[in-house]
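Participant: Sequence:
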Amino acid sequence: MNAVEFDRVSKTYAIYDTPSDRLRELASLGSRSCHRDFPALSELSFSIRRGEVFCIVGENGSGKSTTLQLMAGIMQPTSGEVRVHGRVSALLELGAGFNPEFSGRENVLLNASILGLSGNEITSRYPDIETFAGIGDFIDRPVKTYSSGMVVRLAFAVAIHVDPEILLVDEALAVGDAVFRRRCLRKVHELRARGTTIIFVSHSIADVRAIGERVLWLEHGRIVALGDPDAIIPRYLAAMTGAAPAIAPGPVQPVRTIPNIDHRHGNGSAEILGVALLNEYGEPVHLVTPMSKVIVRISVWAKVAFERPDVGFVLRNHLGLDFSESCAAREGLRLDPLVAGETVTVDFELEIPELYPGAFSISPWIANGSATGGNDTVSDWIDNAMTVQMARGEGPVYGYIHWPCRIEFNSHLDSPIGAAVA
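Sequence positions in the sequence shown follow our numbering and run 943 to 1364.
Keep in mind the hints are simulated off the structure, nothing from the lab. Treat the hints with caution; some may be incorrect.
Claimed, not checked - Below, simulated EDC-like cross-link-like pairs (lysine to aspartate or glutamate); rule was C-alpha separation at most 20 Å, straight line:
(1) K1129 - E1161
(2) K1235 - E1267
(3) K1235 - E1293
(4) K1245 - E1213
(5) K1129 - E1155
(6) K1235 - E1225
(7) K1245 - E1291
(8) K1129 - E1222
(9) K1235 - E1291
(10) K1129 - E1213
(11) K1129 - D1105
(12) K1235 - E1284
(13) K1235 - D1172
(14) K1086 - E994
(15) K1086 - E1132
(16) K1235 - D1170
(17) K1129 - E1072
(18) K1235 - E1222
As the list claims (entries may be wrong) - What follows is a list of derived Cβ distance ranges for each label pair:
(19) E1225 - E985: 29 to 35 Å
(20) E985 - A1181: 16 to 22 Å
(21) K1086 - M1182: 33 to 39 Å
(22) A1167 - S973: 17 to 23 Å
(23) M1182 - H1027: 29 to 35 Å
(24) R964 - H1162: 21 to 27 Å
(25) E1161 - L1263: 17 to 23 Å
(26) E1063 - A1135: 42 to 48 Å
(27) G1210 - G1076: 29 to 35 Å
(28) D1079 - S973: 15 to 21 Å
A virtual CB, placed ideally from N, CA and C, is assigned to each residue, including glycine.
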């Protein structure tokens, strides 16, 4: 049985030019029409399998949110049938269902109760909800004092801790900070591993490619395409930009964000301005998938002249062990000398192998000469500047990496001595 099924579903809204038009139509008891129809969805038919991550993309006004609201049962279709099999937890609007006068704690208790948890279940899960939201003392303050990011933190924390069979998420992560987004995406993968069906609407193509198993592309309330993300996303991007997707040529803007600094050292003759992980379309990546292409972008500022600058990074696993390193010199590229005050950005284009699905960190560095020559050559080194989550591949990974390989099986028909051969 599928988790969700749409059978020729259409949804039409009545649009009134003025409030008085609505009153005139009501007063006529339906004999006089004072509105015009707006078709939000037209003849949608598709199904979502149990346990899959199903993403919906499309421009604003394409019908994405209406589709999720029909799944959640918030509204009914004008025609057709929507069938949903399983308990639904929906995060469709920022803070929907929250009472702004109640504290965060009170709203957690109220929403968890509405979503079907018993008193004992709420008590046992509340500490996990509070920890995941990470809003500190604000948990006991009225929600009306929260920022938009704090509201979505709390709403998401409640939604994922009620053991949903089907989780609906509508752009809720767009207002979260980078650390919280990574935490949410890790939780999404945990839920998927437990068999939860996840329907995810997002404008972030990087997130869709990272977590989506199938993608539904909507345009003006109709299905344009449905299928594998690797087949749908390039077509969608090309349609949005009017050209084949690619990183725009020309000068690259320096990265000026360092998500984390565990330890920093070097002689100070240069400074790392920022580090970022991007997909092949130039969008930030928070979770990487096996065999995907990514770019590690490092921007540095030379405080003095550099005759032989070298820029690189080290990858570490969740145990803090270095397992890979790359730098310009290692890849056979000699960077041009830098003058004092010059800023340069270096892109490392990588194809990600199938790694163990854990967290990995990136430690960038710049040196006057190769950093392998010893710490005295390092100008600036930042330990664990950013953390990246590795998505699960098609099968289990034993150890840390699964090497791509091709297997040939050769058989020989050897007849025992004296046996007849047909």
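Participant: Look at each hint and say if it fits the structure.
Facilitator: Evaluation of the provided hints:
no. : hint                      : result
1   : K1129 - E1161             : violated (30 Å)
2   : K1235 - E1267             : holds (17 Å)
3   : K1235 - E1293             : holds (5 Å)
4   : K1245 - E1213             : holds (7 Å)
5   : K1129 - E1155             : holds (16 Å)
6   : K1235 - E1225             : holds (12 Å)
7   : K1245 - E1291             : violated (27 Å)
8   : K1129 - E1222             : violated (25 Å)
9   : K1235 - E1291             : holds (7 Å)
10  : K1129 - E1213             : violated (35 Å)
11  : K1129 - D1105             : holds (12 Å)
12  : K1235 - E1284             : violated (29 Å)
13  : K1235 - D1172             : holds (12 Å)
14  : K1086 - E994              : violated (36 Å)
15  : K1086 - E1132             : violated (31 Å)
16  : K1235 - D1170             : holds (17 Å)
17  : K1129 - E1072             : holds (15 Å)
18  : K1235 - E1222             : holds (6 Å)
19  : E1225 - E985: 29 to 35 Å  : holds (32 Å)
20  : E985 - A1181: 16 to 22 Å  : holds (21 Å)
21  : K1086 - M1182: 33 to 39 Å : holds (37 Å)
22  : A1167 - S973: 17 to 23 Å  : violated (43 Å)
23  : M1182 - H1027: 29 to 35 Å : holds (33 Å)
24  : R964 - H1162: 21 to 27 Å  : holds (25 Å)
25  : E1161 - L1263: 17 to 23 Å : violated (47 Å)
26  : E1063 - A1135: 42 to 48 Å : violated (21 Å)
27  : G1210 - G1076: 29 to 35 Å : holds (34 Å)
28  : D1079 - S973: 15 to 21 Å  : violated (59 Å)
Of the numbered hints stated above, those contradicted by the structure are hints 1, 7, 8, 10, 12, 14, 15, 22, 25, 26, 28, listed in ascending order.
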